[in-house]
Amino acid sequence: MSNVPNLFILGAPKSGTTAFANNISQHKDIFISKKKEPRFFDAHVFYDYEEDYPIKSLEIYLDLFVSKSSQESKYRLDASVFNMYSKKSISNILSLSPDAKFIILLREPLSASISMHKQRLAYVDVKMREISDDFMACWRELDNRKNNKGYPKGCRNKILFRYDLLYSYELYLPFIMGKIKEENLFIGFYEDFINTPELLYAEIFDFLGVENITVNNETLNNPRVIKKSKLLEYVVFLSEKTFNIRQRLGLTGGLIKKIKQYVFSLYEVNVFSEKKSDKTVRDFFLNTNQFLDEIKKE
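If you count the sequence shown from 1, position 214 lands on 214 in our numbering, and the numbers rise without skipping.
One thing to keep in mind: the hints can contain errors.
Simulated crosslink set (SDA-like; lysine to any residue; CA at most 25 Å straight-line) [to be verified]:
hint : residue 1 : residue 2
1    : K118      : V225
2    : K241      : T214
3    : K36       : I213
4    : K56       : L110
5    : K146      : L286
6    : K36       : F189
7    : K35       : E59
8    : K153      : M177
9    : K36       : I55
10   : K297      : K146
Each pair of labels, with its calculated beta carbon distance range [to be verified]:
hint : residue 1 : residue 2 : range
11   : E108      : L142      : 29 to 37 Å
12   : K279      : E170      : 16 to 24 Å
13   : H44       : E108      : 23 to 31 Å
14   : R162      : S91       : 16 to 24 Å
15   : N217      : E170      : 24 to 32 Å
16   : I60       : D206      : 15 to 23 Å
17   : N289      : K28       : 37 to 45 Å
18   : G150      : G209      : 44 to 52 Å
19   : K297      : F207      : 37 to 45 Å
20   : K297      : A202      : 16 to 24 Å
21   : K34       : D206      : 23 to 31 Å
22   : G150      : F207      : 37 to 45 Å
23   : Q71       : L286      : 45 to 53 Å
Read the hints as simulated data drawn from the structure, not as lab findings. Where a beta carbon is used, it is the ideal one built from N, C-alpha and C, also for glycine.
Let the sequences and hints guide you as you build the complete structure.
What follows is the structure in structure tokens.
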């Protein structure tokens, strides 16, 4: 028995990884902790400030996998997708779990970028929300963002707003493919997850050496767009400031949560049309798409 994770989903964000992780954990041989993305190895990628790291030690991280069901499972899954962007993350994972297996789901970069932009508009908190609902306006800020400008006010997770870095897979995959043994690395594609999921799961279970089961294939994490609102900003601010007090009083769930959900629903945009990208973005990802074509041929 062990409480060391030995299965990792590396990426990419907005490629169905949340749903995919939940779905494969339907298998009796695959355990996933309540924190799907512990963000232990990739904290330095996701967070700009060390004080925001959610897990401060290896001991606390491994505590996520101490349950009986975890230790009796063949695989203990960590789905922290931002591990893909760091050589340090991959190396540290392999130091802890040398025989770990890795799954990567990749999505066509333009559609992934647009989907990530839409997700940024699901946030009320100005630190996590894009500066414009126009995708191209945000894309044009990338040159400024390279110089630490053009981010949302108070942003503490800059990687989320770097569409150019998030979906230029050719920057990261060569190292990963060279570092991880071929038999321990599976690269799949979002389009297969959406269009032919049963075939994808069969390939995954064969890769993992477990029984091929029928998976209830749910697709999750389709973000709702919330209209920008000073009232909602205040609700979020008040919620954050009073969290510790409400936690001591046992008021963090139940009625308070329902009230917040109701208020948010009043500002939800039911019909949202993304501004179309222009040739600049398509041209930017030409090398990435060529790289993906080469991987698919292998």
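Hint check:
1. A distance of roughly 7 Å separates the Cα atoms of K118 and V225; the hinted pair therefore holds under the 25 Å criterion.
2. For the proposed pair K241 and T214, the alpha carbon gap of about 45 Å is over 25 Å, so the pair is violated.
3. Taking the CA atoms of K36 and I213, the gap is about 21 Å. The hint holds against a cut of 25 Å.
4. Distance restraint check for K56 and L110: the Cα-Cα separation of roughly 35 Å exceeds the 25 Å cut-off, and the hinted pair is therefore not satisfied.
5. Of the pairs offered as hints, the one joining K146 and L286 holds, with about 20 Å between alpha carbons and a cut-off of 25 Å not exceeded.
6. For the proposed pair K36 and F189, the alpha carbon gap of about 20 Å is at most 25 Å, so the pair holds.
7. About 15 Å separates the Cα atoms of K35 and E59, which keeps this hinted pair within 25 Å; it holds.
8. Note on K153 and M177: the hinted pairing is violated, with a Cα-Cα distance of about 37 Å set against a maximum of 25 Å.
9. Between the alpha carbons of K36 and I55 the distance comes to roughly 13 Å, so the proposed pair stays at or under 25 Å and holds.
10. At roughly 33 Å between alpha-carbon atoms, K297 and K146 are farther apart than 25 Å, so this suggested pair is violated.
11. Under the hint 29 to 37 Å, the C-beta atoms of E108 and L142, about 19 Å apart, miss the expected range.
12. At about 20 Å, the beta-carbon gap between K279 and E170 stays in the expected band of 16 to 24 Å.
13. Distance hint check: the CB atoms of H44 and E108 are about 28 Å apart, consistent with the given range 23 to 31 Å.
14. In this structure the supplied range 16 to 24 Å holds for R162 paired with S91, their Cβ-Cβ distance being about 22 Å.
15. Taken as a hint, the range 24 to 32 Å holds for the pair N217 and E170, whose Cβ atoms sit roughly 29 Å apart.
16. Hint check: I60 to D206, Cβ distance near 34 Å, so the stated range 15 to 23 Å is violated.
17. The supplied range of 37 to 45 Å is met by N289 and K28, whose beta-carbon atoms lie about 38 Å from each other.
18. Look at G150 against G209: about 47 Å separates their beta carbons, and that is inside 44 to 52 Å.
19. The supplied range of 37 to 45 Å is broken by K297 and F207, whose beta-carbon atoms lie about 19 Å from each other.
20. At roughly 21 Å, the beta-carbon separation of K297 and A202 lies within the given 16 to 24 Å, and the hint holds.
21. The hint said 23 to 31 Å for the Cβ distance between K34 and D206, and at roughly 28 Å that hint holds.
22. A hinted range of 37 to 45 Å for the beta carbons of G150 and F207 is consistent with their spacing of about 41 Å.
23. Our hint of 45 to 53 Å for Q71 and L286 holds, since their Cβ atoms are close to 47 Å apart.
In summary, the numbered hints that this structure violates are 2, 4, 8, 10, 11, 16 and 19.
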